[in-house]
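Given next are the chains, with one letter for each unit.
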Amino acid sequence: MKVLGLILAGEKGQNLGKLTNKRASAAVPIAGKYRAIDFTLSNMVRAGIKKVGVLTQYNPRSLMDHLGSGREWDLDRKNGGLYILQPYVSEASQLWYRGTADAIHQNITVLRRGDEDYVLIGSGDHIYNIDFTPVFKYHLSTSADITILTKSSEGYDPAFYGTVKTDENERIIDFKEKEKENAGNKINLGVYFMNKKLMMDLLYSTVPNGKYDLVRDVIIPNIENLRIMSYKFSGYWRNVKKSLIEYKRTNMDMLDPEVLNELFSPQRKVYTKLKDLAPPKITSTGSVVNSIVADGCIVSGKVYNSVIFRNVNVKAGAIVDNSVVMEGSTIEEGSKIVNCILDKNVTIRTEHSYIGYEEPLVFEKWQVV
Amino acid sequence: MSEIIAMILAGGQGTRLGVLTENVVKPAVPFGGKYRIIDFTLSNCVNSSIYTVGVLTQYRPRVLSTHLGIGRDWDMDRKNGGLFVLSPYAAAAEGEWYKGTAHAIAQNIDFIDQFSPRYVLILSGDHVYSMDYNEMLDFHISKNADATISCIRVPLSEAHRFGTVITDNISKVKEFEEKPKNPRSQLASMGVYIFNWKLLKPLLIEDSQSEKSTHDFGKDIMPKLVVGNSNFYAYEFEGYWRDVGTIESFWEANIDLTRSMPALNLYDPNWRFYTHSAEMPPAFFGNDAEVVNSLTSEGCIVHGRVESAVLFQGVTVKKGTILKNSVIMTNVLIGENCIIEDSIIGENSIIGDNSKIGIGDRIKNEKYPNIYSDGISVVGEGVTVDEDSTIGKNSSIGNFLNTKKMRIKTVPSGKNLRIDGVV
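Listed in order, the protein sequences are those of chains B and H. Per numbering that gives the first Met the number 0, numbering of the first sequence is gapless, rising by one per residue and ending at 368. Per numbering that gives the first Met the number 0, numbering of the second sequence is gapless, rising by one per residue and ending at 422.
Calculated from the structure, these hints are not laboratory results. Honestly, I wouldn't trust all of these hints.
What the hints assert, rightly or not - What follows is a list of derived Cβ distance ranges for each label pair: (1) B:M0 <-> H:R61: 33 to 43 angstroms; (2) B:G67 <-> H:E174: 47 to 57 angstroms; (3) B:F159 <-> H:R61: 31 to 41 angstroms; (4) H:I69 <-> B:E257: 46 to 56 angstroms; (5) B:W95 <-> H:P268: 31 to 41 angstroms; (6) B:K77 <-> H:E247: 42 to 52 angstroms; (7) H:Q12 <-> B:V368: 14 to 24 angstroms; (8) B:D64 <-> H:R71: 57 to 67 angstroms; (9) H:W96 <-> B:K77: 55 to 65 angstroms; (10) B:A315 <-> H:I321: 18 to 28 angstroms; (11) H:P179 <-> B:G67: 51 to 61 angstroms; (12) H:P268 <-> B:G16: 25 to 35 angstroms; (13) H:T409 <-> B:E261: 31 to 41 angstroms.
Stated by the list, open to error - Computed cross-link-like contacts, DSSO-like style, restricted to lysine-lysine with a CA-CA straight-line distance of at most 27 angstroms: (14) B:K195 <-> B:K231; (15) H:K180 <-> H:K363; (16) H:K223 <-> H:K323; (17) B:K301 <-> H:K317; (18) H:K223 <-> H:K200; (19) B:K231 <-> B:K177; (20) B:K268 <-> H:K98; (21) B:K301 <-> H:K318; (22) B:K164 <-> B:K231; (23) H:K197 <-> H:K180; (24) B:K49 <-> B:K164; (25) H:K98 <-> H:K178; (26) H:K78 <-> B:K272; (27) H:K223 <-> H:K171; (28) B:K274 <-> H:K78; (29) H:K78 <-> B:K77; (30) H:K211 <-> H:K197; (31) H:K98 <-> H:K142; (32) B:K274 <-> B:K231; (33) H:K323 <-> B:K314; (34) H:K178 <-> B:K301; (35) B:K49 <-> H:K78; (36) H:K408 <-> H:K317; (37) B:K274 <-> B:K49.
Stated by the list, open to error - A partial selection of chain B residues facing chain H, derived with a Cβ cut-off under 10 angstroms: (38) S92; (39) L259; (40) K274.
Please read all numbers here as calculations on a predicted model, not as lab measurements. Glycine residues also receive a C-beta, built at the ideal position from the N, C-alpha and C atoms.
All chains, full assembly: derive it from the sequences and hints.
Take a look at the structure:
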């Protein structure tokens with residue numbers, strides 16, 4: 000089965016404030032060494048997908064830097080490989096992507112030219128580890144036109160997610176996209192699997208008529224005509240761009256050994272850009288409790304309940320509690336941070352103390368405070 | 000044409016590393032939390048902008064070859080030059096093993112010739128060091144030398160373990176002694192040489208035809224240069240260099256990294272060390288973790304107490320365990336309530352709950368006094384140590400043994416566990 004992977008990674012992620020000032024939400028650093036897109040990309044590659052298109056729009060620099068030639072995901076291939084699909088100027092038009100369906104439609108050549116039979120659409124913002132092979136099988140065995148990944152809405156705020164209602168055979172019979180009332184007790188995980196020809200037909204009949212959104216304009220209107228099946232996923236799943244609190248919570252989830260095991264099981268690896276930094280060092284004055292610490296760090300202070308990214312320096316006498324500290328940041332001697340999110344290369348000066356109360360305090364890239 | 004190419008000798012067993020080199024060649028022995036010994040030499044090459052490198056293998060090359068691949072992790076997968084693994088080969092009627100270091104290079108004269116280099120840098124894959132070869136090359140050029148040997152100053156009492164060099168006041172080599180009984184110089188050879196290829200090539204051909212020669216750089220080639228009064232100079236290197244050839248020096252060089260400001264800086268952004276490593280999530284420290292003075296690599300899960308230890312990737316230390324002054328290699332699983340001191344544990348080993356390793360009297364090893372005599376115990380790779388076991392000091396456990404199946408709970412100090420039992 001040949002499948003074309005498409006990853007929607009063009010959004011800013013408005014709710015992440017300063018974190019997405021200079022990067023798309025798919026490029027947000029997460030879990031100590033990864034970026035959000037690593038999870039979907041790795042899921043696809045592990046499922047045997049050899050051609051993946053990444054649709055970018057909002058400030059893609061850091062995303063592009065991260066993806067490179069796709070080598071870290073074994074996507075630097077002679078046939079297929081990684082395609083960066085960005086908005087472009089042409090003879091006929093010069094348009095930004097006006098929506099998810101439009102984004103794919105503008106790159107319809109990639110669909111038309113490839114020899115794939117199916118297309119799997121995912122999002123760069125989702126943190127989960129799934130084996131897609133059973134999804135493909137499910138799609139075939141249920142004779143689905145479209146298979147959508149769903150999850151029980153338990154533990155998720157339905158205001159943030161699309162909700163679906165299914166009949167007893169798991170066929171979707173109602174679908175509401177972020178509306179006041181819910182369609183059912185399952186949320187839409189934003190992963191769609193369908194025949195490529197069908198995808199193209201659907202796009203040809205909607206986008207030229209000014210209908211640009213994949214869910215609202217392409218999928219929901221076809222609920223009765225098409226057999227849209229729900230594949231229930233029961234594993235760990237988070238969308239980082241929903242809110243800062245959600246972003247921080249997703250990081251903190253990594254301190255739960257069960258989540259850590261599920262996301263990073265040796266059988267289902269998540270790949271990211273390697274940097275070959277030395278192992279983290281805890282010095283004689285340092286201590287680390289209930290935290291994860293990435294490579295290249297030197298910890299001489301105290302770290303509790305935190306996620307420490309690569310190359311972070313926690314100096315003697317400093318305290319880091321309940322915080323997310325991104326790559327290259329320095330916490331100087333005697334300073335203290337509680338409930339903070341430090342973007343990359345932030346410096347907390349000597350003997351300064353910052354405490355986030357209801358919402359985490361966020362420091363922008365390169366800030367010295 | 001490349002100006003300079005490097006040839007790394009990586010075929011030696013390193014017999015004094017005991018079980019650590021029973022299955023892998025010394026350059027492939029893990030070091031420093033995520034590296035293998037050869038990574039330091041390779042990274043020095045890349046950092047010195049030397050991108051054409053031949054690696055000469057012979058003894059048990061499987062792990063080394065897998066590690067090197069096509070050199071991609073060192074950016075050596077290149078269209079011009081790159082990394083080449085050169086194994087002994089059969090030519091015409093008969094094949095030959097490499098008979099010595101000089102013979103190994105001589106067997107690869109064709110390889111070197113295809114790049115027509117001006118200089119050939121001869122290196123050893125056995126050493127842990129951080130060195131800019133360009134500085135040595137600059138010295139070589141400024142002296143208008145035919146050959147340059149890199150030396151490091153060692154205490155006179157240690158010099159008998161090395162090739163030593165006596166120079167005149169302009170650093171020209173006057174005498175070269177390989178492992179002298181009564182050393183007269185503190186300048187020890189690091190096994191790093193630069194030769195003008197024009198000079199070295201005929202020397203190698205001549206040496207490989209001589210039946211008296213042992214075909215060794217230190218024993219045969221270097222003395223010949225002195226006798227022939229060639230332009231042979233000694234470059235004094237000041238920096239970190241270790242020959243981690245014994246269990247003690249290997250252990251010590253690793254533990255050194257856990258101390259404050261070690262001489263070998265793994266964190267220097269301008270001189271990085273590259274390696275081929277597994278993709279694993281960041282290290283996780285549980286609620287009961289107490290970790291001081293330690294390196295804890297990616298994929299580690301620590302719930303116990305760890306002090307002055309180097310944990311490689313994917314090591315798990317369970318609750319109640321106390322780990323001290325030890326080197327724990329990749330993917331080792333250490334159960335609950337263990338006590339481990341002054342030990343080296345090889346890759347993929349499993350230590351059962353309530354075990355004690357490196358605990359006991361400091362008795363010299365009876366069978367291998369030259370290998371295990373400095374108070375350090377070594378557990379080989381792929382070993383399973385049964386629950387409630389006790390392994391003493393200066394002991395060793397052979398690779399891939401399962402003490403549960405062998406029904407052995409105790410290996411006393413100074414004893415070794417081999418396939419046929421405790422010896």
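Hint check:
no.	hint	result
1	B:M0 <-> H:R61: 33 to 43 angstroms	holds, 35 angstroms
2	B:G67 <-> H:E174: 47 to 57 angstroms	holds, 53 angstroms
3	B:F159 <-> H:R61: 31 to 41 angstroms	violated, 52 angstroms
4	H:I69 <-> B:E257: 46 to 56 angstroms	violated, 38 angstroms
5	B:W95 <-> H:P268: 31 to 41 angstroms	holds, 38 angstroms
6	B:K77 <-> H:E247: 42 to 52 angstroms	holds, 50 angstroms
7	H:Q12 <-> B:V368: 14 to 24 angstroms	violated, 55 angstroms
8	B:D64 <-> H:R71: 57 to 67 angstroms	violated, 19 angstroms
9	H:W96 <-> B:K77: 55 to 65 angstroms	violated, 38 angstroms
10	B:A315 <-> H:I321: 18 to 28 angstroms	holds, 24 angstroms
11	H:P179 <-> B:G67: 51 to 61 angstroms	holds, 53 angstroms
12	H:P268 <-> B:G16: 25 to 35 angstroms	holds, 30 angstroms
13	H:T409 <-> B:E261: 31 to 41 angstroms	holds, 40 angstroms
14	B:K195 <-> B:K231	holds, 22 angstroms
15	H:K180 <-> H:K363	holds, 25 angstroms
16	H:K223 <-> H:K323	violated, 48 angstroms
17	B:K301 <-> H:K317	holds, 21 angstroms
18	H:K223 <-> H:K200	holds, 14 angstroms
19	B:K231 <-> B:K177	holds, 19 angstroms
20	B:K268 <-> H:K98	violated, 43 angstroms
21	B:K301 <-> H:K318	holds, 20 angstroms
22	B:K164 <-> B:K231	holds, 12 angstroms
23	H:K197 <-> H:K180	violated, 34 angstroms
24	B:K49 <-> B:K164	violated, 33 angstroms
25	H:K98 <-> H:K178	holds, 19 angstroms
26	H:K78 <-> B:K272	holds, 23 angstroms
27	H:K223 <-> H:K171	holds, 14 angstroms
28	B:K274 <-> H:K78	holds, 23 angstroms
29	H:K78 <-> B:K77	holds, 16 angstroms
30	H:K211 <-> H:K197	holds, 24 angstroms
31	H:K98 <-> H:K142	violated, 32 angstroms
32	B:K274 <-> B:K231	violated, 36 angstroms
33	H:K323 <-> B:K314	holds, 24 angstroms
34	H:K178 <-> B:K301	violated, 49 angstroms
35	B:K49 <-> H:K78	holds, 24 angstroms
36	H:K408 <-> H:K317	holds, 20 angstroms
37	B:K274 <-> B:K49	holds, 24 angstroms
38	S92	violated, 39 angstroms
39	L259	holds, 6 angstroms
40	K274	holds, 9 angstroms
The structure shown violates the earlier hints numbered 3, 4, 7, 8, 9, 16, 20, 23, 24, 31, 32, 34, 38.
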